[in-house]
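K.L.:
For the record, the sequence lines run as chains F and W.
In terms of this note's numbering, the first sequence has 501 at position 501, counting the first letter as 1, and numbering is strictly consecutive.
In terms of this note's numbering, the second sequence has 107 at position 107, counting the first letter as 1, and numbering is strictly consecutive.
Because the hints were derived from the structure by calculation, they are not lab data.
All C-beta atoms in this analysis are idealised placements derived from N, C-alpha and C, irrespective of residue type, glycine included.
Incorrect hints may have been included.
[Said to hold, decoys possible] To give an idea of the interface, some chain W residues facing chain F are shown, with a C-beta separation under 8 Å as derived from the structure: (1) GLY42; (2) VAL43; (3) ASP112; (4) ALA114; (5) GLU115.
[To be verified] When the alpha-carbon atoms are kept at most 27 Å apart in a straight line, the in silico DSS-like pairs for lysine-lysine are as follows: (6) LYS800/F / LYS37/W; (7) LYS799/F / LYS37/W; (8) LYS308/F / LYS329/F; (9) LYS329/F / LYS156/F; (10) LYS271/F / LYS743/F; (11) LYS30/F / LYS210/F.
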Amino acid sequence: MDPASLLPTLLTFAWLIPLASFVVILFFGKHMGPHGKLAGHVAALSIGTSCLLSMIALFGVWLPNHELVDAHHGGHDATHEGEDHESHDEDHGAEEAAAPQGSQFQYTSTEVASAKLTLTAASSGEGEEHSEEHNNGPPPYYTGEYYTLVSFGSLKLALSYYIDTLTVVMFCMVTLIATCVHIYAMGYMHDELHDFTDHEVTLSNGAHLKRPGRYWRFFQYLSLFCFSMLGIVIAGNVAMVFVFWELVGICSYFLIGFYIERHSASTAANKAFIVNRVGDFGMLIGMMALWASVGTFAFGDMQDETGKTVMTESGEVAEPGIFSQLRTKENDYAIQPTEGMVAEGERITTVEEGEENNAGWWLLLVAGVGIFCGCVGKSAQFPLHVWLPDAMEGPTPVSALVHSATMVAAGVYLTGRFYPAFSPEALIVIAYVGAITLLIAATIAITATDIKRVLAYSTVSQLGYMMLSLGLGGWLAGLFHLITHAFFKGLLFMCSGSVIHAVHTNDMTEMGGLRKKMPITAYTMLVGCLAIIGAGIPVAGIGLSGYYSKDAIIEQAWNFFDKNQFHGSILLAAPVFGAAITAFYMFRLWYMTFAGEPRNQQRYDHAHESPSTMTTPLIILAVFAVAVGWNFPGTNLGVYNLLDQARPVGTLATSEGVLMESLTIPNEHDAHNFLVKAGLAAFGTAAAGLLLATLMYLLRWDMFNPAEIKQTFKPIHSWLWNKWWFDELYWAVFVAPSMVVAKFASSFDRGVIDSILHGAASAAKGGSQVVDAVFDKTVVDGSVNAFARGTWDFGLLLKKLQTGSLRQYILFIVVGAMVLFVSAFFTIVISGS
Amino acid sequence: MSSLPLAHLLNEPVGVAHFMLVGAVMFVCGALCMATKRNALGVLMGIELVLNGANINFIAFGSKYLRNDANTLGLDGQLMSLFVIVLAAAEAAVALAIVLNFYNNHDSVDVDRAEQLQG
Numbered sequence: 001m002d003p004a005s006l007l008p009t010l011l012t013f014a015w016l017i018p019l020a021s022f023v024v025i026l027f028f029g030k031h032m033g034p035h036g037k038l039a040g041h042v043a044a045l046s047i048g049t050s051c052l053l054s055m056i057a058l059f060g061v062w063l064p065n066h067e068l069v070d071a072h073h074g075g076h077d078a079t080h081e082g083e084d085h086e087s088h089d090e091d092h093g094a095e096e097a098a099a100p101q102g103s104q105f106q107y108t109s110t111e112v113a114s115a116k117l118t119l120t121a122a123s124s125g126e127g128e129e130h131s132e133e134h135n136n137g138p139p140p141y142y143t144g145e146y147y148t149l150v151s152f153g154s155l156k157l158a159l160s161y162y163i164d165t166l167t168v169v170m171f172c173m174v175t176l177i178a179t180c181v182h183i184y185a186m187g188y189m190h191d192e193l194h195d196f197t198d199h200e201v202t203l204s205n206g207a208h209l210k211r212p213g214r215y216w217r218f219f220q221y222l223s224l225f226c227f228s229m230l231g232i233v234i235a236g237n238v239a240m241v242f243v244f245w246e247l248v249g250i251c252s253y254f255l256i257g258f259y260i261e262r263h264s265a266s267t268a269a270n271k272a273f274i275v276n277r278v279g280d281f282g283m284l285i286g287m288m289a290l291w292a293s294v295g296t297f298a299f300g301d302m303q304d305e306t307g308k309t310v311m312t313e314s315g316e317v318a319e320p321g322i323f324s325q326l327r328t329k330e331n332d333y334a335i336q337p338t339e340g341m342v343a344e345g346e347r348i349t350t351v352e353e354g355e356e357n358n359a360g361w362w363l364l365l366v367a368g369v370g371i372f373c374g375c376v377g378k379s380a381q382f383p384l385h386v387w388l389p390d391a392m393e394g395p396t397p398v399s400a401l402v403h404s405a406t407m408v409a410a411g412v413y414l415t416g417r418f419y420p421a422f423s424p425e426a427l428i429v430i431a432y433v434g435a436i437t438l439l440i441a442a443t444i445a446i447t448a449t450d451i452k453r454v455l456a457y458s459t460v461s462q463l464g465y466m467m468l469s470l471g472l473g474g475w476l477a478g479l480f481h482l483i484t485h486a487f488f489k490g491l492l493f494m495c496s497g498s499v500i501h502a503v504h505t506n507d508m509t510e511m512g513g514l515r516k517k518m519p520i521t522a523y524t525m526l527v528g529c530l531a532i533i534g535a536g537i538p539v540a541g542i543g544l545s546g547y548y549s550k551d552a553i554i555e556q557a558w559n560f561f562d563k564n565q566f567h568g569s570i571l572l573a574a575p576v577f578g579a580a581i582t583a584f585y586m587f588r589l590w591y592m593t594f595a596g597e598p599r600n601q602q603r604y605d606h607a608h609e610s611p612s613t614m615t616t617p618l619i620i621l622a623v624f625a626v627a628v629g630w631n632f633p634g635t636n637l638g639v640y641n642l643l644d645q646a647r648p649v650g651t652l653a654t655s656e657g658v659l660m661e662s663l664t665i666p667n668e669h670d671a672h673n674f675l676v677k678a679g680l681a682a683f684g685t686a687a688a689g690l691l692l693a694t695l696m697y698l699l700r701w702d703m704f705n706p707a708e709i710k711q712t713f714k715p716i717h718s719w720l721w722n723k724w725w726f727d728e729l730y731w732a733v734f735v736a737p738s739m740v741v742a743k744f745a746s747s748f749d750r751g752v753i754d755s756i757l758h759g760a761a762s763a764a765k766g767g768s769q770v771v772d773a774v775f776d777k778t779v780v781d782g783s784v785n786a787f788a789r790g791t792w793d794f795g796l797l798l799k800k801l802q803t804g805s806l807r808q809y810i811l812f813i814v815v816g817a818m819v820l821f822v823s824a825f826f827t828i829v830i831s832g833s
Numbered sequence: 001m002s003s004l005p006l007a008h009l010l011n012e013p014v015g016v017a018h019f020m021l022v023g024a025v026m027f028v029c030g031a032l033c034m035a036t037k038r039n040a041l042g043v044l045m046g047i048e049l050v051l052n053g054a055n056i057n058f059i060a061f062g063s064k065y066l067r068n069d070a071n072t073l074g075l076d077g078q079l080m081s082l083f084v085i086v087l088a089a090a091e092a093a094v095a096l097a098i099v100l101n102f103y104n105n106h107d108s109v110d111v112d113r114a115e116q117l118q119g
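So that you can see chain W by itself, here it is in the shape it has in the complex:
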């Protein structure tokens, strides 16, 4: 078992590393989604996945249950992820507005068609 990397996670109590693994998986899914989807809404969803992957990490690092030196109030991570959620909401609103305008102009939400700014 020990020859496999990360295999020791299976026989350890749940800790920060497990959360980070989930977050990493979510981040990679989001990044893949952003890179592969031609539908702008899909891209936005990818963005949400990326942000949530990061949020999981914040929560994990912030939670006193997941750390040994749990003698602080420990709300740093949670606050950070709340900021990220608020920013994500704002960003999604702006992005949806752009997408709507783009749709009005091109009758499509295919991001590959947004290439007027290319050099």
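Isolated chain F, as found in the complex:
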């Protein structure tokens, strides 16, 4: 069958099956087996089916129709001088065009080739300046509509899909991890299968809270969560993304607050929800800027059923998406504000006569940063990172899912999806936010002792890496890290859950030596730790998944540093030092938990390896954490190359800032020039961090006694321990002033408005009493009573007539008849005369 109809069908089913599972569990969950036990099976089976469909979509439909090109291969060529490169790419394009492939891709690659040709012609005219600049054509994609919600003239709002390799890869990643999490949760949540005693909730009578288990409800939320995330991934326009964005938000609210009776859980759920709203507010502003100026929310150009772009009769694209409006073929796919943006932008910037008009660029920045605000909220970037560590109050499978595959990935995914619409200035904002986040979160993770919070801060930090990479032009590196990170972070969270399940505490200071009791957990977690720090052999290019993605990020940072000395020095230092800190805190966590002697003998004795429903997903994910960065042996098939196929149009080229003229976003392929330097830097810093952690927590050298270091650097420690005082800062800056304003408003309300209202009320009451006494009682009541009395008296008068004597009545009749007769007689006589 045609991939243009087969792919959407497969992915739509994969997307909707979790919704069906949600609905089924919603209505029948309570009655599914004893205590709703089968609900877990239903949810796991549905997400497993989704996973299967996604895999079929990737391996069965996408790959046979779209041949993979080795991105590294292209990259190495980029190191050659300009003309060589151009000629090579031409060959490449021609080869592809000749190869028997799907019509879509053929069309695309021909276009790439022709674009290259025109570029070569143009650059030869303009000299060497542009010779290095080359651009990629539009990626193969399929888009279409499910349903049009509303259309106002040219403005249209629809439920639509946009499927490219990124979508397909995200589908596989999300559903695969979600399947593992579901299976794991069936073991982890077994406490909820009977009456649950919550030891963390003390009632007023001193007893612990006892409540019925909510096993089925947990899986109900989980299914809805997966549905929402897949909805974001498949969405074909920003509005639909926003809808599912909010749906993910509410699911996270339900799941983080799953133990709703615990005060900490309900406040954490509120916090996550409210902080996300702040980000969504920015996102709405960005969406409004787009809606007003570009006039569409759709990502790609509208296609018909066969995957051909819909054209008008005059040969223009019928319904162009955001990307093709901002990056036109005439402009060689470089970003350029549309005429609508220039016109709308002039309303927000005052343009002097003769001055260069950058209004469109300003509006583009507003739109880009606005959309990124939403990503900041969802992906817990500075300054909205505060919700994610608190979200650890949810059950561990939730943390694993939220932190790896679904919610926080959504922000990075959207930044990647929306990438063609970010101007260079918006990208530098993204890069700085990412760099700040990555450092802040990593430093906080050093001192945290709650095992899940260390991982949560680690997630925030890794998300910072991704955002940084995206901001520096490393689109591929950032999203590659998203995929690899999802696997090893999912693994790490589930390992931590396994530990918590065994020792019933989150506190690492009560653990230690657990590797003997739970070897599978310990060694799969070790794999996760090695993957996250990017363990590998530098230069040789062999390592765990994190090695490839993190090195790619640092390469791109170095590439950026090469073009922008000032910004680059900061933005290169952050990921390099971040790598050292990552290695330090991850191994601190592993050593404190699994190595050394038990710190709490009682908990140690109680510990045991988790059941196989929990360890099997760990092993599966450990395999992926090692291998997901690799290519299939002997082929080009690998996540890196797959993602490269979805590279947004025009984003490979070097782009110059317009508002910030010194800014250059480098070509990502040039990053391979820095392969060795970056690899060594990453390896060196990670090794240093690992070494320090080993000395402090495994070998316990006296020189590096953690307790003494804590004492020596007490102010810094307490600063980090209190998470840079962000919560307190927000309390002081936002919460406390709003409380003051609220108190003032409340007292104004009570004092002034209420007293005015009460005064008005009592005045009205008094007035009406007067009216009641004077007018109502005398005039109204009086007239009514008088009328009634008159009627009564008249009745009494008439009753005298009724004598009841029959003979009298007859007499009256006779007399009456005679009167009538006489009067009639006289009338006739008088009239007759």
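Please arrange chain W on chain F, whose structure you already have, making use of the hints.
P.N.:
What follows is chain W alone, placed relative to chain F:
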């Protein structure tokens, strides 16, 4: 003779006017009987007299022998009086039932004692 009203009836052939005179006499007797009798049965008899007085008039007006333009079937008056007789029978049955009940309650058929409904 002519100075007396109605005196000309004596020297005229029998016609409608003579019947009307009889009817008028009967009507007045009935009315007097109704007005003066305290016995309910007497009152009923008075009613019958009144109705029959009226019936005589109907018959007289209806009969073709008593009128000059006697070229119709001329049963109107007779039919009317038959209706009146039927109605009188029905009315008498109802009235006798009332009288019987009244007698049961008061051991009397004196209509002056039926004064509970007076105002």
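K.L.:
So, for every hint listed, does it hold in this structure?
P.N.:
Consistency of the hints with the structure:
1. GLY42: With a closest approach of 10 Å, the GLY42/W hint is violated.
2. VAL43: holds (7 Å)
3. ASP112: Hint holds; ASP112/W Cβ to chain F Cβ min 6 Å, cut 8 Å.
4. ALA114: holds (7 Å)
5. GLU115: Cβ of GLU115/W sits 4 Å from chain F, so the hint holds.
6. LYS800/F / LYS37/W: holds (24 Å)
7. LYS799/F / LYS37/W: holds (25 Å)
8. LYS308/F / LYS329/F: Status holds; Cα separation ~17 Å.
9. LYS329/F / LYS156/F: holds (24 Å)
10. LYS271/F / LYS743/F: holds (21 Å)
11. LYS30/F / LYS210/F: Roughly 18 Å separates the two Cα atoms, so the pair holds.
Hint 1 from the earlier list is the only one contradicted by this structure; the remaining hints agree with it.
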